[in-house]
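Novice: Take the given structure of chain A and dock chain B to it, following the hints.
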Amino acid sequence: MVKNIGTGLIALALLLCPMVLGSTDVFPYDTKIEKLENGLTVVSVPLKNPHIISYYTIVRSGSRNEIEPGKSGFAHFFEHMMFKGTKNIPREKYDDFLTELGAGTNGYTSDDYTCYFVVFAGRENLEKVIKTEADRFINLYYNEEMLKTEAPVIEGEYYSSVSNPGRRLYETLRHQAFEKHSYKHTTLGYLEDIQDMPNQFAYSQLYKKRFYAPDNSIVLVVGDYDHEEMMEFIKKYYGGWDPSSYELKTPVEPPQEKAKRSHYKWPSQTMPRIAVAFHGPAFSDEKIDKAALDLLAEIGFSRSSPLFQRLVIEEQKCLAIYADFPDRRDPPLLTFNAVVKQEEDLPYVEQEIFNELEHYKNEPIPEDKLEEVKSNMKYSIARQLGTTDGTAGVLAFYINLTTDPNSINRLFNLYQKITPQNIQEMAQKYFTKTNSTVVTLSGGEE
Amino acid sequence: MNKQYGYKSLVFVLGLILLTTTCGKKPTANISTELLPLEDNPLVCIKFVLNVGSADDPAGKEGLSALTFRMLSEGGSEEYTYKEISQIFYPLAAYLDMQIDKEMTVFSGIIHKDNLEKYYSVIKNMLLNPGFREEDFIRIKTDHLNFLQKTLVNNMDEQFGKEILNLMMYEEHPYGHNELGTMKSVKSLTLDDVKNYYENHFVQGNLTIGITGGYPAEFSKNVLSDFSALPTGKTPERTLPEQQTPEGLRIVIADKNTPATAISMGFPISITKSHPDFFALWIAASHFGEHRQHLSHLFQKIREERGQNYGDYAYIEHFIEGRGKFPATNYCRQQQYFSIWIRPLSNSNRHFVLRQAIRELKILIEEGIPEERFELTKKYLINYTKLYTQTLSERLGWQVDSSYYGYKDFLEEARERIPKIKIEEVNAAIRKYLNYENLYIAIITQDAGSFKEDLVANTPSPISYSNPNMPEEILREDLVIQEFPLDIKPENVTTAKAEDFFKETGIPLGN
Numbered sequence: 013m014v015k016n017i018g019t020g021l022i023a024l025a026l027l028l029c030p031m032v033l034g035s036t037d038v039f040p041y042d043t044k045i046e047k048l049e050n051g052l053t054v055v056s057v058p059l060k061n062p063h064i065i066s067y068y069t070i071v072r073s074g075s076r077n078e079i080e081p082g083k084s085g086f087a088h089f090f091e092h093m094m095f096k097g098t099k100n101i102p103r104e105k106y107d108d109f110l111t112e113l114g115a116g117t118n119g120y121t122s123d124d125y126t127c128y129f130v131v132f133a134g135r136e137n138l139e140k141v142i143k144t145e146a147d148r149f150i151n152l153y154y155n156e157e158m159l160k161t162e163a164p165v166i167e168g169e170y171y172s173s174v175s176n177p178g179r180r181l182y183e184t185l186r187h188q189a190f191e192k193h194s195y196k197h198t199t200l201g202y203l204e205d206i207q208d209m210p211n212q213f214a215y216s217q218l219y220k221k222r223f224y225a226p227d228n229s230i231v232l233v234v235g236d237y238d239h240e241e242m243m244e245f246i247k248k249y250y251g252g253w254d255p256s257s258y259e260l261k262t263p264v265e266p267p268q269e270k271a272k273r274s275h276y277k278w279p280s281q282t283m284p285r286i287a288v289a290f291h292g293p294a295f296s297d298e299k300i301d302k303a304a305l306d307l308l309a310e311i312g313f314s315r316s317s318p319l320f321q322r323l324v325i326e327e328q329k330c331l332a333i334y335a336d337f338p339d340r341r342d343p344p345l346l347t348f349n350a351v352v353k354q355e356e357d358l359p360y361v362e363q364e365i366f367n368e369l370e371h372y373k374n375e376p377i378p379e380d381k382l383e384e385v386k387s388n389m390k391y392s393i394a395r396q397l398g399t400t401d402g403t404a405g406v407l408a409f410y411i412n413l414t415t416d417p418n419s420i421n422r423l424f425n426l427y428q429k430i431t432p433q434n435i436q437e438m439a440q441k442y443f444t445k446t447n448s449t450v451v452t453l454s455g456g457e458e
Numbered sequence: 087m088n089k090q091y092g093y094k095s096l097v098f099v100l101g102l103i104l105l106t107t108t109c110g111k112k113p114t115a116n117i118s119t120e121l122l123p124l125e126d127n128p129l130v131c132i133k134f135v136l137n138v139g140s141a142d143d144p145a146g147k148e149g150l151s152a153l154t155f156r157m158l159s160e161g162g163s164e165e166y167t168y169k170e171i172s173q174i175f176y177p178l179a180a181y182l183d184m185q186i187d188k189e190m191t192v193f194s195g196i197i198h199k200d201n202l203e204k205y206y207s208v209i210k211n212m213l214l215n216p217g218f219r220e221e222d223f224i225r226i227k228t229d230h231l232n233f234l235q236k237t238l239v240n241n242m243d244e245q246f247g248k249e250i251l252n253l254m255m256y257e258e259h260p261y262g263h264n265e266l267g268t269m270k271s272v273k274s275l276t277l278d279d280v281k282n283y284y285e286n287h288f289v290q291g292n293l294t295i296g297i298t299g300g301y302p303a304e305f306s307k308n309v310l311s312d313f314s315a316l317p318t319g320k321t322p323e324r325t326l327p328e329q330q331t332p333e334g335l336r337i338v339i340a341d342k343n344t345p346a347t348a349i350s351m352g353f354p355i356s357i358t359k360s361h362p363d364f365f366a367l368w369i370a371a372s373h374f375g376e377h378r379q380h381l382s383h384l385f386q387k388i389r390e391e392r393g394q395n396y397g398d399y400a401y402i403e404h405f406i407e408g409r410g411k412f413p414a415t416n417y418c419r420q421q422q423y424f425s426i427w428i429r430p431l432s433n434s435n436r437h438f439v440l441r442q443a444i445r446e447l448k449i450l451i452e453e454g455i456p457e458e459r460f461e462l463t464k465k466y467l468i469n470y471t472k473l474y475t476q477t478l479s480e481r482l483g484w485q486v487d488s489s490y491y492g493y494k495d496f497l498e499e500a501r502e503r504i505p506k507i508k509i510e511e512v513n514a515a516i517r518k519y520l521n522y523e524n525l526y527i528a529i530i531t532q533d534a535g536s537f538k539e540d541l542v543a544n545t546p547s548p549i550s551y552s553n554p555n556m557p558e559e560i561l562r563e564d565l566v567i568q569e570f571p572l573d574i575k576p577e578n579v580t581t582a583k584a585e586d587f588f589k590e591t592g593i594p595l596g597n
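Going line by line, the protein sequences match chains A and B.
The number in the working numbering is simply the position in the first sequence, starting from 1, with 12 added.
The number in the working numbering is simply the position in the second sequence, starting from 1, with 86 added.
Just chain A, with the same shape it has in the complex:
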């Protein structure tokens, strides 16, 4: 017999199914936005079906906010401290609450934001989750001893990926490419700053006061709940959170005036790597610069691109080649990466990357290629939005950039308007030799 599992057996965790591709908006769900008097933004996406609720708290502070010397990695460190509990709900009780709930919970820190999430089943648990989360954001308590015990964990986290040459290349690239902006360091921070974290209790209190405030935070709720009821809970439990009004002034990165390069010698054998980076534009859902370059990255460096096919599949010089164009609040690096099979091929691969960029500067991209990329992007985002938590994760990212959940639709509508000429102009504007930083990494003797 063919085993056909009827819907009666799969009532648990029904999947979302409201995507209608072909409509103009890639984000198809009804979204509500409210703002409390203390400045806390609440984004709500009530969904029918699966008994899952994703409850995200987005603090718009990441390694971008680490503008003072010696404080790299602090946003990430503070994310760890956020799990230390309060006087009302000490750490052990907080842990036990989430454990009993069987919640998927964690936090992550990025360049621009820190995100905390609790994913759980059952709308009857929503009020308890809101109450508990509000308490830890408003009343977080830890003493100096607790901080000193947690700080070495960050060093342990650093060690978890210490054997990864990709991370070292990335650290070197950012350090080399940026002069003033806090994107100079990675989210994890410099090792010497990590090792000094046990001594930073006073700064941690200042950091909390500046950034862990309702006017710098967004609560995002996605899933199976009643919006009005949810908002009542939010107002009840977050109303007493005092705003900060702190204004961050990130250092402005001066224009790069000459090409930079460096090489990192990995102590043991490894696949050689190269990163070719350019200072690019900040995220925008209105200006075409970044959107046009996103399309170029796909056309020129995705798996179906001519360069990938030639270097990876045909000539077999590279294990992988890909572009990394992150969306950031301030201008980030646009990076082309390759993992190369033989060290002697590093100069060739570097030249091929520059040649490819020259090609896009000199010739407009064929219309049919552009349509393929737009199709890929449409179906890729549809896949990501296939579950409650997938939807929350995607939305959290765009909310961090602008605080507006409509950004995602504006961005994808902007992509639709980009022409081959736009892409050519942006390639000419950003991919100049003087704006470039090249970092290579190779290993020891075989």
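Careful, some of the hints might be misleading.
[To be verified] In silico EDC-like cross-links for lysine to aspartate or glutamate, where the CA-CA straight-line distance does not exceed 20 Å:
| # | chain 1 | residue 1 | chain 2 | residue 2 |
| --- | --- | --- | --- | --- |
| 1 | A | K220 | A | D208 |
| 2 | B | K508 | A | E112 |
| 3 | B | K465 | A | D108 |
| 4 | A | K390 | B | E203 |
| 5 | A | K60 | B | E125 |
Don't read these hints as lab results, they were simulated from the structure.
Specialist: Frame of chain A, contents of chain B only:
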């Protein structure tokens, strides 16, 4: 219960149906299926699950399964080159993923239903009519060699530690090599080896096809009809040798220049998900070391109380992290193992933390799970498992695993059984299946020789803290841990250079 039990209930014979839909040579289809139609869902997930893995690699040709199956997922078909496939897939945002374990290999893809027909027409030929081109073979074989020689040993110490533990636990056993093989064996593989292996193993009797999402009714029939063109054979049931329990503490130290020490330890256990005792032992393991959760007792003792590293966990079966922190599916095995994963920590504290982890295991075995933790852990598992099946791929994956281990729905079964389990049953399972005196221990560190001396001599291993005011009870416990005796005999400790691993099967001879 072994895997045959699970499959017996599923294997079906299409027989008459296919006689009407196939032409020419008409094989009798003998393909298992897992079908979960979700009419309104815009996505479709399809999995081709083979009851074959690296345990089926012929002796001397370790890595053949992985190389063969990657030739299907990342090589061309007879119809299209891999370049052409990439170009067809791109506008559809499509992939054909492949994962391989010891006894199971899965090809899977998720596609919008707009593109299902086009996608399927390509993957059908990738799997049924592979191109087996020389240039694809060279590319993939070179990738595998590079991974074994450079990446695994030099760039991912946590995984390296787990792989050494595997080598130790499964010496002279079909599980006892990395899925990609060894440097020596992969170098020896030929394209003819790949073609022969495909012909003999990509056969109906080894295959389960799973489909879920918003696919049209006739789609599943068409897929079954197409794949009924495969030969009707089945790889003979794998008879695995009895698992080897170590005698005493057996240690392998891979020596390399590193500031951090990675540790994995464990031993084979005699049960899998299919055994009734699994559920009680699962409660114990979840309490003791739930993966990346504060619930983990080891995490609390080593990281939260002492800040030693990023995390410390324990498992009662082979564990691969999937989406989020949830367990990945379709790594089913007939034999499983218990393990503890100590994430990298400062070299200076390696001896202390090794002692601490083994001492905590001893306490668990001797004292059992605390009453209040028992109830908490049960509630946790009942609720947390509700999050395991959020995506199409996860749901299909769990359905395949349920069938493998003989359940209609393993997660549902767990939620029914766990509330009824008594603490005495958990503690009995702990005592029956776990031990702290006979362990395989894999360590990646530097100065392996001096560490070996410390281990054998039971040298005290005090540690210091940044916090000058550590709680008294922790400092008192530290005094016990730093002297905790480990009965390690010098002949049971092998040290070897990191770069000597994976050249050939087994543990390098070392020093």
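Novice: Each hint needs a verdict: does it hold in this structure or not?
Specialist: Tested hints:
Restraint check for K220/A and D208/A: the C-alpha separation of about 18 Å stays at or below 20 Å, so the hint holds. With a C-alpha separation of about 18 Å, the suggested pair K508/B and E112/A falls inside the 20 Å cut-off, and the hint holds. Restraint check: the Cα-Cα separation between K465/B and D108/A comes to about 10 Å, which is no more than 20 Å; the hinted pair holds. Pair hint K390/A plus E203/B holds up; C-alpha atoms about 18 Å apart against a cutoff of 20 Å.
Among the hinted pairs, K60/A with E125/B is consistent with the structure: their alpha-carbon atoms are about 16 Å apart, no more than 20 Å.
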